[in-house]
Every structure is written in C-alpha cells, then in structure tokens.
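Put together the whole structure using the sequences plus the hints.
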Amino acid sequence: DGGITQSPKYLFRKEGQNVTLSCEQNLNHDAMYWYRQDPGQGLRLIYYSQIVNDFQKGDIAEGYSVSREKKESFPLTVTSAQKNPTAFYLCASGKRELDTGELFFGEGSRLTVL
Amino acid sequence: AQSVTQLDSHVSVSEGTPVLLRCNYSSSYSPSLFWYVQHPNKGLQLLLKYTSAATLVKGINGFEAEFKKSETSFHLTKPSAHMSDAAEYFCVVSVYNFNKFYFGSGTKLNVKP
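In order, the protein sequences belong to chains A and B.
For the first sequence, the positions run 632 to 745 when my numbering is used.
For the second sequence, the positions run -12 to 100 when my numbering is used.
These are calculated hints, taken from the structure and not from any lab test.
There could be a bad hint or two in this list.
[Stated by the list, open to error] Derived pair list, reagent style EDC-like, types lysine to aspartate or glutamate, alpha-carbon separation capped at 20 Å:
| hint | chain 1 | residue 1 | chain 2 | residue 2 |
| --- | --- | --- | --- | --- |
| 1 | B | K29 | A | E738 |
| 2 | B | K29 | A | D669 |
| 3 | B | K29 | A | E655 |
| 4 | B | K45 | A | E738 |
Predicted model, so just to flag it, every value in this text is computed and none were measured.
See the structure below:
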C-alpha cells in the first residue's frame, strides 16, 4: 500500500538535545511538507520541499532544519534552538502540479521535552 | 492573501441529528478547498475537496460541502451524525499553482448518544 510513514510515533527528549523525525513516502510525490500542531492552533507550516535538493522555510522554521536528498525522504531535525518543541508533528506529501491536489498525511510524531 | 476561518471551535450534536461545521475563506485567487478529519493522535484524512468543478461536493462517510463564492463559504454538512464522526475537522484552502495550504484552527465535533 502506498502511503507516508513517520517514525517514531512518540519521542521524548531532554532539553538541549537535537532529535530527528523521519518521514518516508512511496507515493512518488514531488512535494513534501512538515507541520506542527498545537492544541487549538490548527497546523502551522515548518518547512516544505517541492523537489529533491530544494526546500523552503515555512511560517515557523526557526529552531528546525530539514534535508531532501531523496524524493522519498524528508527528515526534520528539531534543534536545541527551538524554544518550545513539545508538539505533534505531521508530515505530508502532495503532487506538484498545476491543478492543486490534496495533501496526504502520515500518522504523526509526538515529541515531548522533559 | 489567503486565510481560513472556522467559525466554531466546538460543535456538539446528538447521534442521528444533522451536522453543520462552518468555514469561511479569503483568497486573492480561485481557491481549491478541502475538508480533512483527524481522530486523536492520528494524521489527517481527506473528506472531500472542491477544485472549481461542481459547487456541491460529496465526500466520504456521507459528508458533503457546498462552495458559495458570493458568501466565501465552504460549510461541511452531514444529514445524520454517527458516533464514529466524533473527531476534529479542518477546513483548508490552497491556491492554484502555488502548492501552499492554509489551515483553519479546527472544529471539534462531539456526538452524544
């Protein structure tokens, strides 16, 4: 089955540590996205990538970094510079085409800073 | 500029009664509009989408939405709520050819037995 796989589902981090969240898709989509979800705030865009080896900052990129070395993979690193990293993180992918299609989402990763 | 406003943060209905979740959008271009559903600690699943074809869009699980350009609305409805409909619902707008998506803040639907 085609889809998006995020791992780990739950992650605990001590303050000052960097952590990397994995996102893999086998949908052959060009575009991939990372969102952060906090209660009552909807989804906020962290980074997105429309093609391999290229990515752009979203609305809340500070304290995060990404890479897009392969079409299938778009890992997100939450660095120690992120002041309030406890949140639910969602990865999504979509077709990069003129007639905008929908986003497909992974199951999410919940990060808790201890 | 593009934005989405979901008019109710919480909606509570009884099982078997109609559901109405309200969404207004603002877009400088012809928008694509979507409704997604999210169950606790899960990803988002597409319910339905409008992409400039028919203004009344039917989705999964008996949901439908009507695009009203004059009112800049895209409200989600279902004739009869089921307990399994209890979840959070997001209205999303996307702009043609920009591949960016703008999310509403979500509406939590509670279904009472």
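Here's how the hints hold up against the structure:
About 5 Å separates the Cα atoms of B:K29 and A:E738, which keeps this hinted pair within 20 Å; it holds. Between B:K29 and A:D669 the CA atoms are separated by roughly 13 Å; this keeps the pair inside 20 Å, and the hint holds. Of the pairs offered as hints, the one joining B:K29 and A:E655 holds, with about 16 Å between alpha carbons and a cut-off of 20 Å not exceeded. Note on B:K45 and A:E738: the hinted pairing is violated, with a Cα-Cα distance of about 25 Å set against a maximum of 20 Å.
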